[in-house]
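> Got chain A sorted already, so can you dock chain B onto it with the hints?
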Amino acid sequence: MLVAGVPAGAQDMRLNMTRGATELSRQVFDLHMTIFYICVAIALVVFGLMFWSIVRHRKARGAVPAQFHGSLKVEILWTAIPVLILVAMAVPATRTLIAMEDTSASELTVLVTGSQWKWHYKYLDYPIEFYSVLATPRAQIANAADKTPDYLRAVDKPLVLPSGKKVRFLLTADDVIHSWWVPDFAIKKDAVPGFINETWARIDKPGLYYGKCAELCGRDHGFMPVAVEVKTPADFEAWAAQQVAAAEQAKAEAESAGPMSMDEQMALGRQVYERACVACHQAGGEGLPGVFPALKGSAIATGEPAAHLHIVLFGKTGTAMQAFGKQLGVKELAAVITYERNAWGNAKGDQVQPADIAAAIAKGE
Amino acid sequence: MSTQVTGTLDAHGAAGRPRDHDHKPRGLARWLFSTNHKDIGTLYLLFSLAMLFTGGSLAMVIRAELFQPGLQFVDPHFFNQMTTVHGLVMVFGAVMPAFVGLANWMIPLMIGAPDMALPRINNWSFWILPCAFAILLSTLFMEGGAPAAGWTFYAPLSTKYSGDSTAFFVLAVHLMGVSSIMGAINVIVTIWNMRAPGMGWMKLPLFVWTWLITAFLLIAVMPVLAGVVTMVLTDKYFGTSFFDAAGGGDPVMFQHIFWFFGHPEVYIMILPAFGIVSTIIPTFARKPLFGYESMVIATASIAFLSFIVWGHHMFTTGMPVVAELFFMYATMLIAVPTGVKVFNWVATMWRGSMTFEVPMMFSLAFIVLFTIGGFSGLMLAIIPADFQYQDTYFVVAHFHYVLVTGAVFGIIAAVYYWIPKWTGVMYDERLAQVHFWCSLVSVNMLFFPMHFVGLAGMPRRIPDYALQFADLNAFMSIGGFLFGLSQLLFLWGVVRCMRGIGDKATDRVWEGAQGLEWEVPSPAPYHTFDTPPVVK
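Taken in sequence, the protein lines are chains A and B.
Each residue of the first sequence is one higher than the one before, starting from 2 at the first, in this note's numbering.
Each residue of the second sequence is one higher than the one before, starting from 37 at the first, in this note's numbering.
Hints were generated in silico from the structure; no laboratory data involved.
Treat each hint with caution, since some may be false.
Said to hold, decoys possible - 27 angstroms max Cα-Cα, derived DSSO-like pairs, lysine-lysine: (1) A/K60 - B/K540; (2) A/K297 - B/K196; (3) A/K317 - B/K196; (4) B/K196 - A/K74.
Bound conformation, chain A alone (with noise of 0.2 angstroms):
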């Protein structure tokens, strides 16, 4: 499910800060620009003085030096000036500030969960939650594909969020610390591991609305995008309707899975594998040595399946290697398995099945 639809001028070469779509980020936007345009009066004046010396008091014009040294009266004065502006600005600044942080009367909150290179978001009032990931293919990344208008910006699933009610962010990561950043809605909060961190907005209007994760977290920093779609209230609801029936569905279905051919499952496997695991191990399985281990012929990738899909589904402990039980479906972890153990030259020959999983989830750790 691509994110369709770009925003229009997107591709214009914007050269300020946005004025954003909340009113808080307009505050923000307004702030930016007063202390920008004092801090270019400062320079006007203070350069123009120090130009007007440069063209006036040179050698070459048979300036003769003057012998002042120092003056009291003026040190006073150009400590006490800058003092006055800065306690101009610091005022504005103060107010928005608190505002920002006044996360209290939300209408909706979304548990915001960053992971190695993914967002997780998670409806505190809604029984709906899932995974948010890039959704620019690696041929465009590669060149080797025309990029599109969307590049590094789409995402699978994007955040969905009501327009007009004052929406809480609770932010937390799985594995390093990342940040959490939608320019329009003037929110960068970092999300760490561990802990909570909280923010909110009230957006305007629908639309469609990009970020970034702000935060250097490992090799994929760079395609970790954050994609916002805000529907009206009412549309906003019917979406969740038909997310939480779409999970239902999707649970009934994966429940009663059969067993999958081996075409289907390389077929399937080779999908996810791009989409979840090449970042670290590589399109070839070879992985980056003394990083990230490769599969092709490792040990756990052609031994015995039962740690192959432990490993998979429950992650390793104090590596980057997440627990992917919880963020695939079976059928997909069942593909993903049998492509990792047959793919490369690995060639097993076995196949792991939608049960298999779904036993050693019921299983557990």
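Same frame as chain A, but now just chain B:
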């Protein structure tokens, strides 16, 4: 300096002793075992130059990769190694050693001392550095590569999720810290004890003052850096949980400790440059420095404030509002003493009689471009706006304006200013002017558009970007390559002087030069001020 400082040489002419009386070992042993402040100063400066080109080469890889959207040349993991090692090499290998080299050469000459107070420690603190950087750079050739968590190496990316280069990195940083601390102790002891008779505190050249304050900052914060890298080491290899919430630790505590070191560190990299500019401007304006006492007070105030503003690097980590406000106000306050400095420099030029030799050109560029970096710094202090600026190219623009057109331009100005005294020949003024103008244009092509892409939403430390940023990135990369090439002109100019090619320098070198270093012959003899001069 508000006070006239002149040296009265001893009747035996200690400072003017002919060169053939200089006793120094020959060949490699001279450099390996040297305890001479001039030799060690030269070593530091040459090491710094080598690191400038090393770190610059890494930056060229970064700019080449960012020339176009899409992955062109390097893997993202290698890209992260480039940004990390570029930062570490430039901060600890290029800028800091350059200032220590200048301190070694100039402080004894400026205060009328025969050498640094602790010459053997001086030798050791230099020779540790090449070892430290050999260890750090060797990781580039290891399996898994160099550290890749950024020069700020935030946990847990640098602990649980890092490669085994972490151990090498920690050892290298420890060595750099040992070197810095010993260098700082040496500077303090020298200035405290070895000033010539009559050289009172308020007669100290401003470069000496700024270095004295810098040295105290170094002693205060390098042990903090040592602490934090040790915690990284034990978290990674010995099962501690300083920065791991699962064991009762806190990843954000890493940032508090790191930036308690890191913010004073950025002033360590700029205060000596303030001293250099405060020396050069009066020389070429032929007028005493305006507000000497207020310059000293402003430097000390900036140093004090540097200890209470570290939180402004962490506004998005989720601090309590009260803490955020405290750090915002404290940070804004820094603009006051910094402004005083800029105003004093302009007032020094005012009604002077200026000429524009290349040290002056770099100093003037320093004032304008460092001030631009100061303005963006003030903007970054405003927390609501900082939420938009944090971790974008706006920040990259900010710190490159203060560090490249600030610290590095200051160092280059100092080299051109004093190299006639070091080598005895004038640098090639025409070549140096070409170097200046090429650097000035290209450095702004490189860094100025970073403000715009940052404001438009481009995060830092990414190897690839959305298409809207493509045009400006191509432009910045061209600026980057030109800036890199321009520095070859600098290298050429320095090599010419070192080989003695050029006009013979006079002892005073500059018409308006003031201070004891100009009382000794050019080139400065191997031993100077064996008998202290008397400062009136």
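> Would you mind marking each hint as holding or not holding in the structure?
Here's how the hints hold up against the structure:
1. Restraint check for A/K60 and B/K540: the C-alpha separation of about 24 angstroms stays at or below 27 angstroms, so the hint holds.
2. Proposed proximity of A/K297 and B/K196 is supported: the alpha carbons are some 24 angstroms apart, at most 27 angstroms.
3. Distance restraint check for A/K317 and B/K196: the Cα-Cα separation of roughly 12 angstroms lies within the 27 angstroms cut-off, and the hinted pair is therefore satisfied.
4. Proximity of B/K196 to A/K74 is assessed by CA-CA distance (about 57 angstroms); at most 27 angstroms being required, the pair is judged violated.
Checked against the numbered hints given earlier, this structure breaks only hint 4.
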